[in-house]
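Turn these sequences into a full structure, and let the hints steer you where they fit.
Those protein sequences? They're chains A and B, same order as listed. Quick note on the numbering used here: the first sequence kicks off at 1 and runs consecutively. Quick note on the numbering used here: the second sequence kicks off at 111 and runs consecutively.
Do not take every clue at face value.
Said to hold, decoys possible - Cross-link-like lysine-lysine pairs, in silico, BS3-like; alpha carbons within 30 Å at most: (1) Lys154(B) <-> Lys56(A); (2) Lys172(B) <-> Lys193(B); (3) Lys97(A) <-> Lys172(B); (4) Lys125(B) <-> Lys188(B).
Said to hold, decoys possible - Computed, partial: chain B to chain A, Cβ under 10 Å: (5) Ala112; (6) Gln116; (7) Tyr145; (8) Gly150; (9) Gln151; (10) Pro153; (11) Leu155; (12) Leu156; (13) Asn161; (14) Leu170; (15) Asp173; (16) Phe218.
To be verified - If you anchor each label on the Cβ, the simulated ranges turn out as follows: (17) Gln105(A) <-> Glu215(B): 21 to 27 Å; (18) Ser117(B) <-> Gln105(A): 25 to 31 Å; (19) Ala17(A) <-> Asp184(B): 42 to 48 Å.
Quick caveat, the hints were computed from the structure, so don't treat them as lab data. Since we're looking at a predicted model, the values are computed, not measured. A virtual CB, placed ideally from N, CA and C, is assigned to each residue, including glycine.
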Amino acid sequence: GNSVTQMEGPVTLSEEAFLTINCTYTATGYPSLFWYVQYPGEGLQLLLKATKADDKGSNKGFEATYRKETTSFHLEKGSVQVSDSAVYFCAADSWGKLQFGAGTQVVVTP
Amino acid sequence: EAGVAQSPRYKIIEKRQSVAFWCNPISGHATLYWYQQILGQGPKLLIQFQNNGVVDDSQLPKDRFSAERLKGVDSTLKIQPAKLEDSAVYLCASSFPHLEMNTGELFFGEGSRLTVL
Numbered sequence: 001g002n003s004v005t006q007m008e009g010p011v012t013l014s015e016e017a018f019l020t021i022n023c024t025y026t027a028t029g030y031p032s033l034f035w036y037v038q039y040p041g042e043g044l045q046l047l048l049k050a051t052k053a054d055d056k057g058s059n060k061g062f063e064a065t066y067r068k069e070t071t072s073f074h075l076e077k078g079s080v081q082v083s084d085s086a087v088y089f090c091a092a093d094s095w096g097k098l099q100f101g102a103g104t105q106v107v108v109t110p
Numbered sequence: 111e112a113g114v115a116q117s118p119r120y121k122i123i124e125k126r127q128s129v130a131f132w133c134n135p136i137s138g139h140a141t142l143y144w145y146q147q148i149l150g151q152g153p154k155l156l157i158q159f160q161n162n163g164v165v166d167d168s169q170l171p172k173d174r175f176s177a178e179r180l181k182g183v184d185s186t187l188k189i190q191p192a193k194l195e196d197s198a199v200y201l202c203a204s205s206f207p208h209l210e211m212n213t214g215e216l217f218f219g220e221g222s223r224l225t226v227l
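In structure tokens form, the structure reads like this:
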């Protein structure tokens, strides 16, 4: 089955800093890849996705590129805001089975 | 559009007691999921329904956990008897059926937090 590994948190940053959260996966076939975000007190919501190799997902200033050669889907944002403080989950979906990573907490300070 | 509704939001019980969680998915979503999220871990799929049929329950501890979706709309997850290690957030999610493989997006409820003492 699938497995997803993402960097451990918490990641603490100052506002306007550059954010990278690493994510790698193992899967049978070619999974779709997702980043979900969980803001404090809210449910998980989809942040972005990519369904095939070299696709780039983007949303709210975040980007991630599907790298088949390195089986990675790293999340990046050039300038974070306090409102980006949340837990970020990388996930892979093969044949209708969505597997999540453990999550990375991001704390952005003013 | 209303989101996925779950209740209760919080529940505290003693071990060996029972508990039930309810989920109402987004209208028209045929696929419903229950996930368990233990603190510090990612969500783990417990059971997946397609309409009122079970698609995957391979990770559901069937000796104590049960779930049903009798009319293909809302669903109930029950734990009986509860153990300390069942303390977690129970997430319900729904989606349209996968029209083709590898394209699904899940919509999550806010979760039900269970504490077993």
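Hint numbers not upheld by this structure, sorted from lowest to highest
Violated: hints 5, 12, 13, 14 and 15.
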